[in-house]
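K.L.:
Make one complex out of these two single chains by using the hints.
Just so you know, the sequences run in chain order Y and R.
Quick note on my numbering: the first sequence kicks off at 1070 and runs consecutively.
Quick note on my numbering: the second sequence kicks off at 289 and runs consecutively.
Hints were generated in silico from the structure; no laboratory data involved.
The C-beta atom is built at its ideal place from N, Cα and C for all residues, glycine as well.
Zero decoy hints are in this set.
In silico DSSO-like pairs for lysine-lysine, Cα to Cα no more than 30 Å straight-line:
| hint | chain 1 | residue 1 | chain 2 | residue 2 |
| --- | --- | --- | --- | --- |
| 1 | R | Lys312 | Y | Lys1105 |
| 2 | Y | Lys1167 | R | Lys366 |
| 3 | R | Lys366 | R | Lys312 |
| 4 | R | Lys312 | Y | Lys1167 |
| 5 | Y | Lys1125 | Y | Lys1136 |
| 6 | R | Lys356 | Y | Lys1167 |
| 7 | Y | Lys1105 | R | Lys366 |
| 8 | Y | Lys1105 | R | Lys356 |
Far from chain Y, some chain R residues (derived; all Cβ distances over 10 Å):
| hint | residue |
| --- | --- |
| 9 | Gly304 |
| 10 | Val307 |
| 11 | Asp351 |
| 12 | Lys356 |
| 13 | Phe362 |
| 14 | Glu371 |
| 15 | Val402 |
Only some residues are given here: those of chain Y computed to face chain R with a beta carbon under 7 Å:
| hint | residue |
| --- | --- |
| 16 | Tyr1100 |
| 17 | Ala1110 |
| 18 | Gly1111 |
| 19 | Leu1114 |
| 20 | Tyr1117 |
| 21 | Gly1161 |
| 22 | Tyr1165 |
| 23 | Lys1167 |
| 24 | Val1168 |
| 25 | Phe1170 |
| 26 | Pro1172 |
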Amino acid sequence: GEDVEQSLFLSVREGDSSVINCTYTDSSSTYLYWYKQEPGAGLQLLTYIFSNMDMKQDQRLTVLLNKKDKHLSLRIADTQTGDSAIYFCAEGETSYDKVIFGPGTSLSVIP
Amino acid sequence: DAGVIQSPRHEVTEMGQEVTLRCKPISGHNSLFWYRQTMMRGLELLIYFNNNVPIDDSGMPEDRFSAKMPNASFSTLKIQPSEPRDSAVYFCASSLGNSNTGELFFGEGSRLTVL
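Isolated chain R (complex conformation) (with noise of 0.2 Å):
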């Protein structure tokens, strides 16, 4: 099994610019988070999604934040415009939504460096 696969590892840009990130989950996985890693806030959950459909956004920072999940093998994040507060690690992650224990699987990260 690849595990949950994450692009880009690293993302630099400038202020300003839009920033895609891209998920794809285990197969069969039915539950998909977009964590925010940081020094100063730790780990955030920002959305996550049960079978392709938002549950909870109430994570994502503001409106230049969005999520979307098209299908079950891929979840992108995107900032528009971004800003260097934005700069931090994130992670995604999947469940198996109807396993015993709620394990996460989390991907290696993506980690973004707005100038």
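One chain only, chain Y, in its complex shape (with noise of 0.2 Å):
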């Protein structure tokens, strides 16, 4: 079945850059997300990218996908105290079909 992983935890200096990594295993993903979650809140839709895309750039955000290793990754530059936050990776197959996501990567970031 569809699996998701991710490393549980990143601790950043405020300004420096972040980067969380994710791995995926259905080759039918065509859509490759990142939610974020702030305490006590819901998850909201952070960036996503299509399966045929390689890279994309989003102000402080960069998305990479090697889709060979189904590989996802998630840059965040000059990461804020406000980045302090759960960062979910997610995939699906159609837009309207069941999302999977992975476990969550904890980003703390030190003042």
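P.N.:
Below, the structure is given as structure tokens:
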């Protein structure tokens, strides 16, 4: 079945870059997502990439996709204390199908 | 737009009691998902509906769990009888099935504690 893996914790200093990595198993994944969860809240979509792309940049966020290795990464440039949250990697086959989430990476930003 | 609305936000109950969690999806969205989040198991998909029809309930842990979607604007997740291991945050999410991205919009969650 589908499986999404990511490291559980990451700690960086304010101003540094953060890189969160993810691997997935479903080769049929068309949509790959990064969601952000702040304490006590639901998840919010941060960014996404289609499987036919290998990079997407959106302001401080850069998503890299290596489809051959089924590896996805999220880079946050100039990380701020407000970026402290849990980041979930997720995959879906279609826009209306189920979305499978990884365990989440808890990012701590040290001032 | 009010977003996905879940109730109750918090519930504390005793083992054996029935629990009903409620969700109102975003108007016009035709897919609805129930997820459960725990420290040990992360975010698990329990069940999802397209156009009010259950599509995949393979994530429902056992027969004590049931979910309904009687119309496009309301869904319930029921646990009967509840057990301490059901303690978790339950999220409802909705999406527009024909969107470009399949983005899920999450509610704020219902935190359930079963004593």
